[in-house]
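Please build the complete structure, drawing on both the sequences and the hints.
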Amino acid sequence: IFLTPIYIHFVYALTDTSSKVQNLKITSAYSFAFILSLFVFTPFFIPELQLIHETTFFISKPGPLYFVFFAFFSLGMWEVISHTTLRIKNYYGRQREQIKYMTIANVIAIFAGFEYFSRVFGFFKSPPIDDYILVIYFSVVAYTIVRHRLMDIEVIIKRTIVFAGLFAM
Numbered sequence: 001i002f003l004t005p006i007y008i009h010f011v012y013a014l015t016d017t018s019s020k021v022q023n024l025k026i027t028s029a030y031s032f033a034f035i036l037s038l039f040v041f042t043p044f045f046i047p048e049l050q051l052i053h054e055t056t057f058f059i060s061k062p063g064p065l066y067f068v069f070f071a072f073f074s075l076g077m078w079e080v081i082s083h084t085t086l087r088i089k090n091y092y093g094r095q096r097e098q099i100k101y102m103t104i105a106n107v108i109a110i111f112a113g114f115e116y117f118s119r120v121f122g123f124f125k126s127p128p129i130d131d132y133i134l135v136i137y138f139s140v141v142a143y144t145i146v147r148h149r150l151m152d153i154e155v156i157i158k159r160t161i162v163f164a165g166l167f168a169m
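Residue numbers (my numbering): 1 to 169.
Simulated from the structure, these hints should not be mistaken for laboratory data.
With a straight-line Cα cutoff of 27 Å, these simulated DSSO-like cross-link-like pairs (lysine-lysine) come out: (1) K20 / K89; (2) K100 / K89; (3) K25 / K89; (4) K125 / K61; (5) K100 / K20; (6) K25 / K100.
Below, the structure is given as C-alpha cells:
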C-alpha cells in the first residue's frame, strides 16, 4: 500500500522538484495509504486467497477496498510516468539520460504491477510473472546507476568504505 506514495516521493526527489502541489500530492498519498493500511488485514481488502484455475498457485481474492487500492495505485503510477516524461525535456546531457532510463525502468515496474493485478482480477488464468519482469526493472536501474551515475552512488560507496574502515579501527 505504501509503495505508491513512496514511489511518487522518490520520483519527485530524483527529479529534484518541489512545489506546493507536489507536496500536497505526497502528503495526500501517504495519508490515503495510511487509511487503507488500517483495512489491509480485514475481509474488506483481501477476504481470502483463491486458487488460480488448473494450477497450484494461490493469489489474493480482492475485496471491495482492493479495487480502491487498485485505483489509488493506478493514479499514483500515472503521476510517476507523466512527471518523469515531462521532466525529460528540462534536462540536458547526463541528467537527461538518467531521467530517460528511469522513465523506462518505471514503465517496466508499473507493467509488472499491472500484470499482477490482471491475475488477481482473473483476466488471465496463469501464475503471475511480475517477479521476472522486475528483474528487468532492476537491471535497467543498475545500468543507469553504473553507466549514467544515477544518484551519485560513487559518493555513497566511498563514504560507506570510510565509515566501515573507521568503525573497524
